[in-house]
Amino acid sequence: MKAQVTVTLKSGILDPQGKAIEGALKSLGVDGIASVRQGKVFDIEIADGDRAGIEAKLREAAEKLLANTVIENYRIQING
Amino acid sequence: MKAAVIVFPGINRERDMARTLKLVSGREPAMVWHADTALPAGTDIVVLPGGFSYGDYLRCGAIAARAPVMGAVRAFAAKGGLVLGVCNGFQILCEAGLLPGVLMRNARLKFVCRDVYLRVERSDTPFTRGYDAGQVICVPTAHGEGNYVADTDTIARLEGEGRVVFRYTAPDGALAPEWSFNGATNAIAGIVNARGNVLGMMPHPENHVETALGPTDGRGLFQGLEEYLDRAA
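Sequence order for the protein chains is G and X. Here this note's numbering is used: the first residue of the first sequence is 1, the next is one more, and so on. Here this note's numbering is used: the first residue of the second sequence is 1, the next is one more, and so on.
Treat the hints with caution; some may be incorrect.
When the alpha-carbon atoms are kept at most 25 Å apart in a straight line, the in silico SDA-like pairs for lysine to any residue are as follows [said to hold, decoys possible]:
| no. | chain 1 | residue 1 | chain 2 | residue 2 |
| --- | --- | --- | --- | --- |
| 1 | X | Lys-110 | G | Leu-25 |
| 2 | G | Lys-57 | G | Gly-32 |
| 3 | G | Lys-64 | X | Lys-2 |
| 4 | G | Lys-19 | X | Arg-66 |
| 5 | G | Lys-40 | X | Lys-2 |
| 6 | G | Lys-64 | X | Arg-66 |
| 7 | X | Lys-2 | X | Gly-81 |
| 8 | G | Lys-64 | X | Ala-35 |
| 9 | G | Lys-57 | X | Gly-81 |
| 10 | G | Lys-10 | X | Glu-145 |
These are calculated hints, taken from the structure and not from any lab test.
Here chain G stands alone, though its shape is the one from the complex (with noise of 0.2 Å):
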């Protein structure tokens, strides 16, 4: 089974990168680009287990490395 974790900074914390990829794609001419923010995204393969099992594993993973949670919120998607 297949997984992803996606993490993104939370509102209000400054991204300094982000900010110097929006300037990048204005220069680029890419117009209509209100903002961007940078996160991460983990594809996972998850041995075996059920839905529930997975879940709890992924939640696992994120609290206790994925994401620094003081700046970083975290998404699971469990596919198939």
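Model the placement of chain X on the given structure of chain G, informed by the hints.
Below, chain X without anything else, positioned relative to chain G:
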């Protein structure tokens, strides 16, 4: 001083730190590998040096903060043992939850490697007793992610409890945005935990301790620690 310097893969300032600890205390520190699960008997201070543990993968200090040795460091700190984290060491302490907040990418996205000025905010901690409160010291800094961020409640608590011990200032000690080069909240360069036994700071006092290499303003931190631990022993 019976120091233990923790060695994580990817750090590069552990020998500078060991050299300074030896210079000031006359005693060679123990170098403790990250995969160890215990500190040497009699350790009275743990030092997390600077560098790029695990190549800064995931987030600076994130993986080192979960290394096997950190259980022993955590237990040592919980008993009141002194823990000093410099640069990547500060990032590791934040990621480990031993200090609040997080070090984010510098506001102007640049890695900054140069001498900076720090105002010592208080002299009544084991780490700063070698200085006077309000004294300005010149020490080198070298980091790309030293922009200290925490939620407003945490910042208010740190300030209210006097836990900001070093702040980036102009050479005369005045707060000025151009001297707080990394965008850190309230120009915070170093903080202690609530108990005052864990210090994290971004600049490198261990690199300004010998006249042959320039100013020696960093020496006060280690001299103060040595006297404090010598008195306690």
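So, going through the hints one by one against the coordinates:
no. : hint                 : verdict
1   : X:Lys-110 - G:Leu-25 : holds (20 Å)
2   : G:Lys-57 - G:Gly-32  : violated (39 Å)
3   : G:Lys-64 - X:Lys-2   : violated (32 Å)
4   : G:Lys-19 - X:Arg-66  : violated (30 Å)
5   : G:Lys-40 - X:Lys-2   : violated (41 Å)
6   : G:Lys-64 - X:Arg-66  : holds (9 Å)
7   : X:Lys-2 - X:Gly-81   : holds (12 Å)
8   : G:Lys-64 - X:Ala-35  : holds (19 Å)
9   : G:Lys-57 - X:Gly-81  : violated (34 Å)
10  : G:Lys-10 - X:Glu-145 : holds (18 Å)
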